[in-house]
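Visitor: The primary structure of each chain is shown beneath.
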Amino acid sequence: KAGVTQTPRYLIKTRGQQVTLSCSPISGHRSVSWYQQTPGQGLQFLFEYFSETQRNKGNFPGRFSGRQFSNSRSEMNVSTLELGDSALYLCASSLGWGAGNSPLHFGNGTRLTVT
Amino acid sequence: QQPVQSPQAVILREGEDAVINCSSSKALYSVHWYRQKHGEAPVFLMILLKGGEQKGHDKISASFNEKKQQSSLYLTASQLSYSGTYFCGTETDAGNMLTFGGGTRLMVKP
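Protein chains in written order, with this note's numbering: chain A, 3 to 117; chain B, 281 to 390.
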């Protein structure tokens with residue numbers, strides 16, 4: 003079974019630009035969640051989608067948005083990039099929504115560098 | 281609110297034991313444990329649900345004390361492959377997502 007696939011692996015953008023990250027979950031998984039990982043802040047929850055609906059949202063500004071398609075693939079968009087947005091963005095898929103008894107399966111992440 | 285993990289870092293010799301703690305200021309519904317090796321994705325270890333249970337596989341086990349709102353991860357007879365950063369993730373209500381602790385960096389030396 004293929005794991006969670008995130009593309010691209012690396013991105014370099016300039017302040018003010020926007021970026022779109024993609025995540026393909028494990029086949030059969032309907033929940034996709036996004037996390038930002040930085041050395042100082044650790045793993046910060048961005049949002050979770052299940053069946054194309056946002057179920058949970060973290061404390062990030064509106065510049066961070068996402069969506070999920072009918073095939074469960076998800077995209078995350080960051081507009082008006084700031085230097086502080088430089089981070090590893092991890093996508094995780096699971097069978098059900100919410101944490102509960104559903105393990106998260108993480109992708110290898112997209113490393114975003116904002117200059 | 282983010283759970284607090286302790287210690288922040290630990291160095292072991294092969295064969296030694298370690299305990300990593302995860303404490304929350306809120307009542308917990310579930311606790312997840314993950315391990316992340318450098319440059320890799322976090323990998324699921326185990327989930328403990330409300331009800332105060334203990335789980336384990338191989339030489340890694342965990343407990344969940346609902347009353348104390350904390351969980352502990354036990355690594356016995358550590359192996360080199362146990363090196364990495366361990367994260368606990370806590371869920372305060374059913375249906376919420378995980379809030380992760382700051383991580384515990386574990387290094388096992390030969």
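Just so you know, these hints were derived from the structure itself, not from any lab. Please note that a few of the clues may not be correct.
[As the list claims (entries may be wrong)] Okay, derived cross-link-like pairs now, DSBU-like style, lysine-lysine, Cα gap no bigger than 35 Å in a straight line:
{"#": "1", "chain 1": "A", "residue 1": "LYS59", "chain 2": "B", "residue 2": "LYS348"}
{"#": "2", "chain 1": "B", "residue 1": "LYS347", "chain 2": "B", "residue 2": "LYS306"}
{"#": "3", "chain 1": "B", "residue 1": "LYS348", "chain 2": "A", "residue 2": "LYS15"}
It should be emphasised that the depicted structure is a prediction, and the values quoted were computed from it without experimental measurement.
Visitor: So which of the earlier hints does this model not fit?
Guide: Of the numbered hints, just 3 does not hold.
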